[in-house]
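K.L.:
The numbering of the sequence shown is the UniProt record's numbering, which starts it at 1 and goes up by one.
FYI, nobody ran anything at the bench for these hints, they're computed from the structure. Heads up, some of the hints might be wrong.
To be verified - Okay, derived cross-link-like pairs now, DSSO-like style, lysine-lysine, Cα gap no bigger than 30 Å in a straight line:
(1) 58 <-> 209
(2) 209 <-> 229
(3) 35 <-> 58
(4) 196 <-> 229
(5) 223 <-> 209
Said to hold, decoys possible - Pair by pair, the computed Cβ-Cβ distance ranges are:
(6) 60 <-> 93: 28 to 34 Å
(7) 146 <-> 207: 25 to 31 Å
(8) 113 <-> 15: 38 to 44 Å
(9) 226 <-> 158: 38 to 44 Å
(10) 178 <-> 141: 20 to 26 Å
(11) 207 <-> 63: 46 to 52 Å
(12) 225 <-> 137: 53 to 59 Å
(13) 245 <-> 63: 36 to 42 Å
(14) 65 <-> 156: 26 to 32 Å
(15) 58 <-> 141: 52 to 58 Å
(16) 58 <-> 22: 26 to 32 Å
(17) 53 <-> 151: 29 to 35 Å
(18) 225 <-> 69: 39 to 45 Å
Backbone N, C-alpha and C fix where the C-beta goes; we use that ideal spot for every residue, glycine too.
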Amino acid sequence: MAAYENECENNICSQECANIHGSYQCYCRQGYFLKEDGHTCEDIDECSQSIGNLCTFKCINVPGSYQCACPPQGYVMSANGRTCRDVDECTAGVHNCSVGETCYNLQGGFRCLSFDCPHHYERVSDTRCERFSCPPNSLDCQSSPVRITYHQLSYQTNIITPAQIFRIGPSPAYAGDHIVVSIRRGNQEGYFSTRKLSTFTGAVYLHRKVHEPRDFLLDVEMKLLRQGKMTSFLARIYVFITSSRM
């Protein structure tokens, strides 16, 4: 009777070996594949071979598997181990804004905003300033905005342009009202434009793509002609463009 030989005892396979009658078969553990030599197991690089995106931000190949990683700041890993979740620093109280500043949360970060009223203006709410009454014959005062309002907008770099991001008009509006809307400050590179939607409604558009995260501060003026009198209003708009990689 021929002696039974267990080839697997000779450590022929780099990982798993199954002895079969008269021969053997090498197997690999999960996350590895068997090379053409039939003996050696090599790690599968899931990050480079994946058809879809395994991770929302970064995929790191490790022996036999992979790990997902998030940016070092502003995000934490979700329970599924694949997607990154934004940290709301403002709600969590982990921001460094001063008492006089307002914390505004963004995707992956935050901003400390200061809503200050200029000279001759009174703060009537957290985001609104009203002009004091003008002295007689003070043309500079009378031509300045009667109201300044602050606004915050946030979009990602993959926003489809042109995109309407802000509308402005008198409230209430009356028959015969006419407005003129213009960007007075913050549009030196021409990313934004204005359009008149009706006699008493205007809009601000982001009409050119912003490819990298950026912050903008726009001063948008609305001049209202009502019953032969011209009045000016100012909207101070923070526009934050964040990364769309998440």
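K.L.:
Per the hint of 46 to 52 Å, is the separation of the Cβ atoms of residue 207 and residue 63 within bounds?
P.N.:
Because 50 Å falls inside the window, the suggested range holds.
K.L.:
Measuring from beta carbon to beta carbon, are residue 58 and residue 22 in 26 to 32 Å?
P.N.:
Taking Cβ atoms as reference, residue 58 and residue 22 lie about 48 Å apart, which means the hint is violated.
K.L.:
Does residue 209 lie within 30 Å of residue 58 when you go C-alpha to C-alpha?
P.N.:
Holds, because 25 Å separates the two Cα atoms, which is no more than 30 Å.
K.L.:
Take the C-beta atom of residue 225 and the C-beta atom of residue 69, compute their distance, and say whether it sits inside 39 to 45 Å.
P.N.:
Taking Cβ atoms as reference, residue 225 and residue 69 lie about 57 Å apart, which means the hint is violated.
K.L.:
Checking one constraint from the list: CA of residue 196 to CA of residue 229, max 30 Å. Satisfied?
P.N.:
holds, 20 Å
K.L.:
Determine whether the Cβ-Cβ distance between residue 245 and residue 63 falls within the hinted range of 36 to 42 Å.
P.N.:
violated, 27 Å
K.L.:
Is 20 to 26 Å respected by the C-beta to C-beta distance linking residue 178 and residue 141?
P.N.:
holds, 23 Å
K.L.:
Using the C-beta atoms of residue 113 and residue 15, is the stated range 38 to 44 Å upheld?
P.N.:
Because 57 Å falls outside the window, the suggested range is violated.
K.L.:
Checking one constraint from the list: CA of residue 35 to CA of residue 58, max 30 Å. Satisfied?
P.N.:
Holds, because 28 Å separates the two Cα atoms, which is no more than 30 Å.
K.L.:
Assess, step by step, whether the Cα of residue 209 is no farther than 30 Å from the Cα of residue 229, and give holds or violated.
P.N.:
Cα-Cα ~38 Å, so violated.
K.L.:
Given a hinted range of 26 to 32 Å, is it respected by the beta-carbon distance of residue 65 and residue 156?
P.N.:
holds, 30 Å
K.L.:
Taking 28 to 34 Å as the hint, is the beta-carbon distance of residue 60 and residue 93 inside that range?
P.N.:
holds, 31 Å
Violation of the numbered hints given earlier is confined to hints 2, 8, 12, 13, 16, 18; the remaining hints are satisfied by the structure.
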